[in-house]
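Participant: Kindly generate the complete structure, drawing on both the sequences and the hints.
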Amino acid sequence: MADLVKLTIDGKPVQAPPGTLVIDAAKTAGMEIPAFCYYEGLTLQAACRMCLVEVEKMPKLMTACTLPVAEGMVVRTETPEVAAARKYMLEFLLTNHPLDCPVCDKGGECELQDMTFRYGVGESRYTEEKVHTPEKQYSPVVFFDAPRCILCYRCVRICNEGLGVGALGVVYRGVGSEIAPNKGDHLECDECGACIDICPVGALTSGIYRYKTRPWEMTHVATICAHCADGCRTTLGTRNNQIIRGNNRDRSGVNGEFLCIKGRYAFDFYDHPERLQAPLMRVDGKLEEVSWARALEAVAQKFNGTLAAGGSFGVIGSNHTTNEENYYLQKFAREVLKTNNIDHHRTGDVAALLDALSGKEAALATAADLYQRKAILILGADLALEHPLLSFQARANYRHHQAHLYAVTPGPVREDKYSVVSIRVGGPAAKVGGDLGVIPGRDVGAVTTGPGAAPVGGPGVVPNPNAGAPSAPGPRWAPVTGPGIATGDPSGFCHPHNVEAGPGDYFAALEHLRERLKAEPELVIVFDDSFKGQDIKRLVEYADSLGIPVKYICLVDYSNSRGALDMALTPEFLPGYQPSGQPGMRVDEMLAAKLDVLWVVGANPCKAPGAGDRGPGFVVVQDMFLTETAKLADVVLPAACAYEKNGTVTNVTGEVQRLKCAVGAMGAKPDLEIMGFIAREMGVAAALGPWLPDLVLEEIRATVRGYDVPAPALAFGAAQTRPVNGRPSSETRPELVRSEHNGLFDSGTLGRYSRVLNSVLEKRLSR
Amino acid sequence: MTFSPQLEARFEKLLKSYPPGRQRSALVPMLLYAQDEVGSMTDELIDEVAQRVGVTPLQVNEVLSYYSMLHRKPMGKYHVQICTNISCLLNDGDKLWEHACKRLGIGNKEVTPDGQVSLEEVECMGACSWAPAIQVNYDFHHFITPEKLDQLLDSLTKKQ
Amino acid sequence: MLYNEPSPLETKVLSRRFGAPNSASIDTYLADQGYQAFRKAAGMKPEEIIEQVKISNLRGRGGAGFPTGMKWSFVPRTSPKPKYIVVNGDESEPGTCKDRVLIENDPHQLIEGVLIAGLAVDAHAGYVYIRGEYRYLIEVMEKAIGEAYAKGWLGKNIQGTGFDFDLYAHSGAGAYECGEESALLESLEGKRGIPRIRPPFPAVVGAFQCPTVLNNVETYCAVPAIIRDGGAAFAALGVPKAGGTKMTCLTGNINKPGVYELRLGFPVAQMIEEVGGGIPRGRRLKAMIPGGSSCPVLTAKECEGATMDYDSMSARKTMLGSGGVIVMDDQTCMVKALMRIIRFYAHESCGWCIPCREGTTWLRKILVRFHEGGGTRSDIDLIGDIGKNMLGRTFCPLGDAAAMPTISFVEKFREEFEDHLAGKPCPYEHADHGIEVLSLSR
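Chains as they are written, first to last, in this note's numbering: chain W, 3 to 769; chain Z, 215 to 374; chain S, 4 to 445.
Hints may be right or wrong, so weigh each one.
Pair ranges (Cβ atoms, derived) [claimed, not checked]: (1) 316/Z x 418/S: 30 to 38 Å; (2) 101/W x 169/S: 52 to 60 Å; (3) 83/S x 111/W: 45 to 53 Å; (4) 351/Z x 134/W: 32 to 40 Å; (5) 83/W x 149/S: 48 to 56 Å; (6) 201/S x 351/Z: 34 to 42 Å; (7) 351/Z x 136/W: 34 to 42 Å; (8) 30/W x 314/S: 42 to 50 Å; (9) 134/W x 226/Z: 43 to 51 Å; (10) 203/S x 74/W: 17 to 25 Å; (11) 45/W x 381/S: 34 to 42 Å; (12) 167/S x 73/W: 39 to 47 Å; (13) 381/S x 174/W: 28 to 36 Å; (14) 23/S x 134/W: 54 to 62 Å.
Selected chain S positions facing chain W (Cβ under 10 Å, derived; list incomplete) [said to hold, decoys possible]: (15) 201; (16) 350; (17) 353; (18) 357; (19) 385; (20) 389.
Worth flagging that the hints you see were computed from the coordinates, not collected in a lab.
Just so it is clear, CB atoms sit at the ideal spot from N, CA and C, and this is done for glycine as well.
Facilitator: Given below as structure tokens:
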């Protein structure tokens, strides 16, 4: 480690890599230098002046947040002058602060309080009138109380740099400076609430949490968001069996502190008034509340009766239920109900990817890879809306490591602003796969009606916004060439520069892309359901032809979509992508067939209009709500939601994480427990084994390929599964794969029951 | 939004004055010149300029609210700016200011009811050696006494 | 035009063409050795140009007084990035009005200085940033630039030298802070005038992220003379370690206010009495701020023996600054003067950092109250203390600019603050100012 710079901080020898800031070097060495505006990962401000330190040979105090370490540097952080600087900085800060701590949401976890307690003075010499402006509501989620604001600009930066949205700015100047939203009096943004969480004081507060509790009254439970497949850890603050807030301030999980509106606020479906709290049974054609005992007995009798009569079963599983539940369900179906009619709504063709990757090692990317790898190719998806964490990771990678981003998408995407090349493919998302597949060798035989023949407004390359005036000369179409090759400067987000003249036509743009990719040292390819089956195979061949190491992420929609595939809620496979060797019906076939029993666990396959024709069979539904499917059921068993149970889920990148029960369910039961009770009622429980999540997980770890993840890794973090070690060698069914492409404010059926998702203006503005 | 040919020509010249991809550099002068023609920073103007230089309206708002010469509300046809900073103060700029307020019956950044004259107490305008100084729109007037101010205001109001 | 009669005591180097008919036109300039320094510089190596500027002992005329030649030598000439020359014409320091007359009377001298700087650092484009209030100077500058293009002193292959240079005038829109060099660059890039974190300094990362030479108008204006007559001749006009002349603005209580070009080291007493014609109405000097309102104030006693140069002022714990001399007579209320100065800095604070944003406003509130008669004894110490708590701890020099007068006013004129507490009449409010104030009481 000869490269380390040696310096002294408070007499203690410290070593740090060149370029390290003194504030970080001190932190690593266990010394805290206070700061408000310094925030790891965001641009430097040097605005709060709290981190002033004494440095030998420097004439005045220096900000530790902007000072890189230097060989032989002698830093002192606790001298009388430094202490005085901190003390009076806080005195300055508090001159216009309202000091309304007793009623402030932040009271108790406020950085200004903590700093004042530790470094400040007990009394203020300030006797003048304070600047006051009334509190403003920017959105259902975001409230702003300007007098409390200390202007650390964290909110502005997290929104502009972290999210790439730039919805917050600073207006006016001097003591009148104020944080302002992008639409004059309100915000139009992702409504992610990152600005609120990052606020060191109570200036930005959340409409969901404000005035609900004092922070110390809450219990905190770190679990996994119930919505999309990114698998963000959200720490739920609960009190009296209620969830009061969600955040992830301890930066645990695959997401660090990142959360979108869903992870931070859309837990609220859990106490939606329409939550089912008692089992329902069809009596005289109508669903009526019954006891658990009666409902379970009815289900067990029907299952046993149908088995005895040699009747037919169909089982539809969920994208949301835990791995343990999915594993138990498929085992139940296959071993007890003796059926291979088991399926779920497939949202990404993971099986085809695994098939195409046969024989390759370490070809599946993690969420961390998107932050670390040198280049990322995004195919099809509008990542910022559909997979906000993955988008956040790629953006942070661009900012911190100048990673090169490439986007080939049907419509404009946020990545355009900082990608090296953005290419628009026309028509439906499905075109992406076909078009890119054409590139190697220009094998266009079957695709003559494809991109080349595209109608006006179809495939094309993005009009270059840098061309300036519309009359600017040059090709009508040119790839957007952002500052991705430049500095990672976040100002580039809204103002690309370093324009390269790009190829003027679509095929040439794709060829240009290919040449650029070949020059990259490595690549992560993120693709959505516009690639499935053979397209994925061709994509992998395309990537192989680049001659660089490539990792993949096959996008799937929901919190455990990946786990549902891994646990084989499909007729083609057994858990771990072992071929089942048995025929079995898919979702549509089960709905169409006249099965004697249809058992739907946490899914809503009948939500499409017209799917409401109920067959003659007996329908059992486990769900939180009376969905379209549940309304058709003979028995509805109220299920606990993700925040009311334990278990594991596997995210889009195949990383397994633990769900932890945050609140108790009123009347409902976790699906695993419901299934266990049914088994017990049927008298088959022993054959299926115990239905405790941890014990089922043990079985999964022992038996499912790729899931032999180390237990300690699961205790606190995420562990990526390694499912590929040979061909899955089974038929995949690409035509069944269909992503719902939920945006930021949609979340399938579940999203309907979140008040916050439905309250924001942007929900109505979005597609 | 349409502007006069002169302003359009000014914009075109400005947008070509900076390196490629740096059109944003034209923002501050564009806003000032546009204000001269439009009268104030209207929402429409903000959106238009934002679009022309390739930034968001919020970014324009951040910028315009920073600069003291840019106003969200219209000033008078004759915007009388009186410096009361130290060199002018030592030559009774403050008394000149009070005189102007009394004479016009308006205060800082206010406009006479007929919209003709507005007043602003400004910071140093770079006329310290010829104090007290005022600016009417962009025109400097040096060594101003209350009498001279009266005469000036009279001539302005007569001009209309 | 000229706003004041020249003084025979001036040393006219930069202002030599002032007062000539059509002094701003390129013909006048060319007729008086105009652009000959550029021709000479075009035949010199860049290092030689910088060497002459170093020899001239030219120091930045905007206020900080950094040696210009050294500043230019920091530009990485071999950087593949384009380099820029930026002129700081955001003259806003109270008491200062010199750049205005330099541009108004002789814009081509500035252009020539910029061109020579361009030769020195291999820059091919420049911007003259002029404060928005000086609209008429933008027009002067644009006219001069147009003339220079028309006569081949700007543009491609200037006068066959093979040197290309484009120059643009750029208007500010009202912000003192944009006079700070990195804030000026932000403003030039269409942003709020918030200073940048330094290092990197503009010489390495300046305009548009490229190496940039950024100097005051007067600094560039001195360059043609330096190249024409040699750095040593320029240096000889001044004092050791600071060469040449200084455009000096006499303002405040003075009989012949105006902008005068005085050699560095000019005696303060002579400047006030002879150049400035002394103090009106037979009053006596109470205090003087030597270089714009941000400099610590000097008492009349401290002015004795002082000369207008960096070292003499530094020995008196103040600064030569921008050359904006503010003369205060014995009837000046120092509380009011400080109050007005602080009002300015509170108004102009960009708001970026805590001590400046909150400190200037706090000071303003106390001083307004204090001057109105609502002060307490503890306020006096508090005022000084707030200044000390800002000094050296703010993000940019604006905080210091507010702190330095504050600390010096309280230290040197404490009895005037105490007099306000004692209910003594404010001297200023009762003085005869020679103008009609009766209208106020009607």
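Participant: Evaluate each hint against the coordinates.
Facilitator: Each hint, compared with the structure:
The hint said 30 to 38 Å for the Cβ distance between residue 316/Z and residue 418/S, and at roughly 34 Å that hint holds. At roughly 55 Å, the beta-carbon separation of residue 101/W and residue 169/S lies within the given 52 to 60 Å, and the hint holds. At roughly 49 Å, the beta-carbon separation of residue 83/S and residue 111/W lies within the given 45 to 53 Å, and the hint holds. A C-beta distance of roughly 35 Å is found between residue 351/Z and residue 134/W, which places it inside the suggested range of 32 to 40 Å.
Judged by the Cβ atoms, the range 48 to 56 Å given for residue 83/W and residue 149/S holds: they are separated by roughly 55 Å. A hinted range of 34 to 42 Å holds for the C-beta pair residue 201/S and residue 351/Z, which are about 37 Å apart. Checked against the given bound of 34 to 42 Å, the beta carbons of residue 351/Z and residue 136/W, roughly 35 Å apart, stay inside it. Residue 30/W and residue 314/S have their C-beta atoms about 45 Å apart, which keeps the hinted 42 to 50 Å range intact.
Taking the beta carbon of each, residue 134/W and residue 226/Z are about 45 Å apart, inside 43 to 51 Å as hinted. In this structure the hint that residue 203/S and residue 74/W lie 17 to 25 Å apart at CB holds, the actual value being about 22 Å. In this structure the supplied range 34 to 42 Å holds for residue 45/W paired with residue 381/S, their Cβ-Cβ distance being about 41 Å. Checked against the hint of 39 to 47 Å, the C-beta distance between residue 167/S and residue 73/W comes to roughly 42 Å, which is consistent with it.
Taking the beta carbon of each, residue 381/S and residue 174/W are about 32 Å apart, inside 28 to 36 Å as hinted. For the hinted restraint 54 to 62 Å between residue 23/S and residue 134/W, the CB-CB distance of approximately 57 Å keeps it satisfied. Hint status for residue 201/S: holds, given a least beta-carbon distance of 9 Å to chain W, under 10 Å. The interface hint given for residue 350/S is met, as the beta carbon of that residue sits about 7 Å from the closest beta carbon of chain W, less than 10 Å.
Given hint, residue 353/S at the interface with chain W, holds; its Cβ is 5 Å from that chain's nearest Cβ, closer than 10 Å. Look at residue 357/S: its Cβ gets to within about 5 Å of chain W, closer than 10 Å, so that hint holds up. A hinted interface residue such as residue 385/S counts as satisfied when its beta carbon comes closer than 10 Å to some beta carbon of chain W; here the least separation is about 6 Å, so the hint holds. Hint status for residue 389/S: holds, given a least beta-carbon distance of 8 Å to chain W, under 10 Å.
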